[in-house]
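Input sequences plus hints: build the corresponding full structure.
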Amino acid sequence: MTFKKWTALLIAMMMVVGTLAACSSAPAEATAAAEPEATQEVVASEPEATAEPFTLVFWHTYGDGEEEQFKNVVLPMWNELHPEITIEAVRQDGGQYHEMIVTSFGTGQSPDVARIDIVNTAAYASQGGLVALSDYEDFAALKDTFLEGPLSTNLYQGGYYGLPLDTNCKAAVINTAIMKDLGIEGAPATMEEFIAAAETRGTYSLNVSGVGDWDLYPYFWLFGGSLTDEGFTKASGYLDGADSVAAIQTMLDLHAKKVFTIRDVDGSVDAWDGINSEYAMFFEGPWFFGSYEERLSQGIIAATIPTYNGRSASVVGGENIAVFATSKHTDAAYEFAKFMTSEAVQLAMLEKGQLPVLKSLVNNETVLNNPVWSVYMAQLESASARIPSPNNEQIKQVWSDAMTEIFVNGADVQTTLTAAAQQMDGLLG
Amino acid sequence: MKRNLRGKKAGDTIAQVVIWTILAVSLIIFSVPFLFMITNSFEQFSFVLPYPPKLIPTQLDFSAYKYVLSQPFFPTAVKNSVINTSITVVLSVFISTLSAYGFARIEFPGRETLFKIYLFTLMVPSFLNIIPQFIILKGIHIPGTDMNLIGTRAGLILVYVATNVCGHTFFLRNFFRGLPDALSESVIVDGGGHGAIFFKVMLPLSKPAIGTMSIFALQGFWEEYFTAKVLVGANESMMTLPLLLQRLHGQYATRWEWVFAASILALIPVVTLFILFQKKMVIGGLTQGSVKE
Amino acid sequence: MIALRHSLMEPTNLEHSGKGKHVQRNAVSKRKWKKGVKGWLAALPFVLPGLILVGLFVLYPMLFTIRISLSNYRIVQGQIDFVGLKNYINILTDASGRFWYAYRNNFLYALVTVPLILFGGMVFAYLINNLKRGRTMFKVGFYLPVITSWVIVSLVFTYMFNNSDRGLINYILVDKLHILNDYVPWLLREWSGNAAIWLMGAWKNIGWAMLIFLAALQSIPRDLYEAADLDGAGIWGKFRHITIACLKPTAYYVLVNMIIGSFNVFIQVMLLTEGNPNGRTSVLQYLLYDKAFGQFQFGEASAIGLISAVTIVILTTLLNRMLKLDTVEKGGADA
Numbered sequence: 001m002t003f004k005k006w007t008a009l010l011i012a013m014m015m016v017v018g019t020l021a022a023c024s025s026a027p028a029e030a031t032a033a034a035e036p037e038a039t040q041e042v043v044a045s046e047p048e049a050t051a052e053p054f055t056l057v058f059w060h061t062y063g064d065g066e067e068e069q070f071k072n073v074v075l076p077m078w079n080e081l082h083p084e085i086t087i088e089a090v091r092q093d094g095g096q097y098h099e100m101i102v103t104s105f106g107t108g109q110s111p112d113v114a115r116i117d118i119v120n121t122a123a124y125a126s127q128g129g130l131v132a133l134s135d136y137e138d139f140a141a142l143k144d145t146f147l148e149g150p151l152s153t154n155l156y157q158g159g160y161y162g163l164p165l166d167t168n169c170k171a172a173v174i175n176t177a178i179m180k181d182l183g184i185e186g187a188p189a190t191m192e193e194f195i196a197a198a199e200t201r202g203t204y205s206l207n208v209s210g211v212g213d214w215d216l217y218p219y220f221w222l223f224g225g226s227l228t229d230e231g232f233t234k235a236s237g238y239l240d241g242a243d244s245v246a247a248i249q250t251m252l253d254l255h256a257k258k259v260f261t262i263r264d265v266d267g268s269v270d271a272w273d274g275i276n277s278e279y280a281m282f283f284e285g286p287w288f289f290g291s292y293e294e295r296l297s298q299g300i301i302a303a304t305i306p307t308y309n310g311r312s313a314s315v316v317g318g319e320n321i322a323v324f325a326t327s328k329h330t331d332a333a334y335e336f337a338k339f340m341t342s343e344a345v346q347l348a349m350l351e352k353g354q355l356p357v358l359k360s361l362v363n364n365e366t367v368l369n370n371p372v373w374s375v376y377m378a379q380l381e382s383a384s385a386r387i388p389s390p391n392n393e394q395i396k397q398v399w400s401d402a403m404t405e406i407f408v409n410g411a412d413v414q415t416t417l418t419a420a421a422q423q424m425d426g427l428l429g
Numbered sequence: 001m002k003r004n005l006r007g008k009k010a011g012d013t014i015a016q017v018v019i020w021t022i023l024a025v026s027l028i029i030f031s032v033p034f035l036f037m038i039t040n041s042f043e044q045f046s047f048v049l050p051y052p053p054k055l056i057p058t059q060l061d062f063s064a065y066k067y068v069l070s071q072p073f074f075p076t077a078v079k080n081s082v083i084n085t086s087i088t089v090v091l092s093v094f095i096s097t098l099s100a101y102g103f104a105r106i107e108f109p110g111r112e113t114l115f116k117i118y119l120f121t122l123m124v125p126s127f128l129n130i131i132p133q134f135i136i137l138k139g140i141h142i143p144g145t146d147m148n149l150i151g152t153r154a155g156l157i158l159v160y161v162a163t164n165v166c167g168h169t170f171f172l173r174n175f176f177r178g179l180p181d182a183l184s185e186s187v188i189v190d191g192g193g194h195g196a197i198f199f200k201v202m203l204p205l206s207k208p209a210i211g212t213m214s215i216f217a218l219q220g221f222w223e224e225y226f227t228a229k230v231l232v233g234a235n236e237s238m239m240t241l242p243l244l245l246q247r248l249h250g251q252y253a254t255r256w257e258w259v260f261a262a263s264i265l266a267l268i269p270v271v272t273l274f275i276l277f278q279k280k281m282v283i284g285g286l287t288q289g290s291v292k293e
Numbered sequence: 001m002i003a004l005r006h007s008l009m010e011p012t013n014l015e016h017s018g019k020g021k022h023v024q025r026n027a028v029s030k031r032k033w034k035k036g037v038k039g040w041l042a043a044l045p046f047v048l049p050g051l052i053l054v055g056l057f058v059l060y061p062m063l064f065t066i067r068i069s070l071s072n073y074r075i076v077q078g079q080i081d082f083v084g085l086k087n088y089i090n091i092l093t094d095a096s097g098r099f100w101y102a103y104r105n106n107f108l109y110a111l112v113t114v115p116l117i118l119f120g121g122m123v124f125a126y127l128i129n130n131l132k133r134g135r136t137m138f139k140v141g142f143y144l145p146v147i148t149s150w151v152i153v154s155l156v157f158t159y160m161f162n163n164s165d166r167g168l169i170n171y172i173l174v175d176k177l178h179i180l181n182d183y184v185p186w187l188l189r190e191w192s193g194n195a196a197i198w199l200m201g202a203w204k205n206i207g208w209a210m211l212i213f214l215a216a217l218q219s220i221p222r223d224l225y226e227a228a229d230l231d232g233a234g235i236w237g238k239f240r241h242i243t244i245a246c247l248k249p250t251a252y253y254v255l256v257n258m259i260i261g262s263f264n265v266f267i268q269v270m271l272l273t274e275g276n277p278n279g280r281t282s283v284l285q286y287l288l289y290d291k292a293f294g295q296f297q298f299g300e301a302s303a304i305g306l307i308s309a310v311t312i313v314i315l316t317t318l319l320n321r322m323l324k325l326d327t328v329e330k331g332g333a334d335a
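Residue numbers (this note's numbering), protein chains in the order written: chain A, 1 to 429; chain B, 1 to 293; chain C, 1 to 335.
To be clear, the hints were calculated from the coordinates, so they are not data collected in a lab.
Treat the hints with caution; some may be incorrect.
No more than 20 Å apart at the CA atoms, straight line, and that leaves these computed lysine to aspartate or glutamate pairs for EDC-like [unchecked claim]:
1. C/Lys132 / B/Asp12
2. A/Lys328 / B/Asp146
3. A/Lys258 / C/Asp182
4. A/Lys257 / A/Glu192
5. B/Lys66 / A/Asp64
6. A/Lys328 / A/Glu192
7. C/Lys38 / B/Asp146
8. A/Lys359 / A/Asp144
9. A/Lys71 / A/Asp93
10. C/Lys32 / B/Glu107
11. A/Lys338 / A/Asp135
12. A/Lys396 / C/Glu274
13. A/Lys71 / A/Glu381
14. A/Lys396 / C/Asp94
15. A/Lys71 / B/Glu236
16. A/Lys257 / C/Glu274
17. B/Lys54 / C/Asp223
18. C/Lys30 / B/Glu107
19. B/Lys9 / C/Asp229
20. A/Lys359 / A/Glu381
21. A/Lys258 / C/Glu274
22. A/Lys328 / A/Glu88
23. C/Lys238 / B/Asp12
24. C/Lys35 / B/Asp146
25. A/Lys396 / A/Glu230
26. A/Lys359 / A/Asp64
27. A/Lys180 / A/Glu199
28. A/Lys338 / A/Asp117
29. B/Lys9 / C/Glu226
30. C/Lys132 / C/Asp223
31. C/Lys38 / B/Glu185
32. A/Lys328 / A/Glu84
33. A/Lys143 / A/Asp331
Okay, structure coming up:
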């Protein structure tokens, strides 16, 4: 009897030990799989074998319309070119996409290739999660075909970790009927003209959602502010410089005069809603014009952001396509990334409002003839990128914390910006 | 005497009316969010919210429901949610019932320490566990193939079951402790062991308690989002209702009527189950113990 | 506990029997060992499946978290470098004070919602229990928020607290009742944002407490009340001396559950306020999530998780001491 039970106990203990051993060895495996050298070897050596068919996993956050276009038009083009490589396109919801990608780094279950937000590219690269595409021989030539601004968002420590996939920026969305009430026909050419007209109205004419970077940078830049030096190395002397303080002061004045409202500060109506009835203008990306015929028929048009002191400004958005370091088929994934940035694909996706990133398409007929896309392409010329930094999330927080202090709690502009600039210096270094 | 009785009866009626009124008013206030949800699921917003906000439905427009039901992944999501939830509930309740019996009725060295550890795990935030859990799933290979459990239903269910063992064990252990010893003694007299006691005495006796806990557990698994997102989020054929709901949310702006319609559709099964089983639920014996020990 | 008590008693018995001490101890330990093995063998078939799962998917990850909290974790490479208490120091001394606001908010959440839930649940349960008609309706009605998922509920609350006259609360307070002159961005102010989070927490959990209390009330023997009737006790007297007394263990169960719940608040913060403005409505779990999955700071996130766990353990232990609930254990522990 005892022997039997002893054996049972022994087996049980072995099982426990065994499982614990499995636990401790598992992370080691993950380490080995994700060694950066390993991926580079793959890049350097074998050209992708044509024999074995395989699958590439592609993550994206396309909406319904874009996904349809991608599946029905773009994928068949790829399948014709590379019948041996199946693309498994996985649509992720936009809400927690960044968090999903971070998690996938930890679990080693990343996609082979993904469409990622331009602002996160540097952070993923700094974590060692992406393949440096500039190591490929043909990259040097490829590089010159892209628009400067979108391309630069892939840069991290001298290497390019992705290709620009689509671009966008904010432009002015205008309710022409309300503008008319203000005495302006169509879109105002200058901000000065608009302010003079809206000052007397007594209710808010211009709306922005919140105090975050994407919301306030266009205004900040438009009114003459600057975040850092050109090389993005220092914020002190720029973010807290006289021009920047004046820019914030201009916004505060407009806010006090009831020209300009910040939804999250004043509790005012959301712009997508209020533009139909109360606001004359707000700045938004091209997705607002998803079904632009309908918007235009309601008298809501797109225009470049009116100039202030003779200068327009906006913020660049958009996505890059990046190859993940954990991919077993980095060469094929790079091939797919190049395919996605080819003229034919860029034009196909443009039909659904994904603005192209190729120099060759800036003056393309389809773009120029469209009443909305043409505006956004023109606006891109005066649009600036956010600070490309692996610390993007923290920088974003410094900015919105400072703006909350100023706009909500009425803190002193100069003092707040000086403190913010010092914090930002630490994050840029 | 007679008058006194009548007076008492009248007093009772008044008391009933008062209680009824208090409860009814409270319930109406409590229901505002639901009313709001139902009303607005019958609207057509296209990103514009109605003014004034509507609390009472003014129209019965089912187009939001039609939209949700016509989503290509809706049937898949329903199927997956039903399958995942049912298997998870059965497995986790069975394993937890076994554990609870072990902790409640069998003496073994280290029992209290082990149980304290179980309790402690209930207090530790579970978000960060997802990465090591994932690594373990990756290490478990499906026999006969070179596939591991990531992205599979089995993997998801395994994690669901495992992460709920501690809580369910705690819940059921107290119930087993409350059952009189005399019952199991009769089995022992007949020469039966713990297995016999468990299957012949404990299980039949604790059916209502187990049922109650199953209902509680079911609600939790039905709405689970985070783990499903991480473990099977890259596999659209594994989509569940909470994942679909999140997708309807939209990237730039919310179509509230879709979200609300989908929410109501997802709610119907759990509410129905609760209404059907609420009379049979027993909780009394389950809550007698305490976390301390 | 029983096992412990036995093992304490046995040696004393043996010592009185007057044999050589050395031999005794050997015999005792041998017997104990044998008994222990026997216990384990009997328990294993029951405990093992759960134990393996818990070990793999709960305990191992927990140890991993402890290790990460003392390390610098490079997630892609899986590289873990020991850094001592640096993560803890970073969190506690962060200039923006985000950790302390979050920590404060968890305590405030507990302080505000737990009494509401306890009291509300008890009152509703008591009233429903005394009802002759319509019990099911009220029971289901108050329980409805509990079964509704946190995501759905958060969405509804976001909409109700919406900006401008499109939000229900603004519409009622400004347009209808004229209590306020201006619309308020409720969810983006420190105190109204927190209040919305509390309100939702209380609303969602009162039904759960009600159900638990209702079950406890139904298990109070009728004759207790009848005896009190004979003694001429009034409604209040009966409520205080019988109902409250009998509900004490249940109340403790609800209390502990809700306190643990208060430190696990997450989804409503993520969906209602995102911790805005400046982290003043944040809570530990949201901060943890943001640190780990937003900013790659897994070490600091793990440290936050452990601080939160230790806090809960201390709180529940303190409560136990303060409320002197030893009697509670009698119900089950010595069965």
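- request: Check each numbered hint from earlier against the structure, then list the numbers of those it violates in ascending order.
  value: Numbers 6, 7, 13, 16, 17, 21, 24, 26 - these are the hints that the structure violates, sorted from lowest upward.
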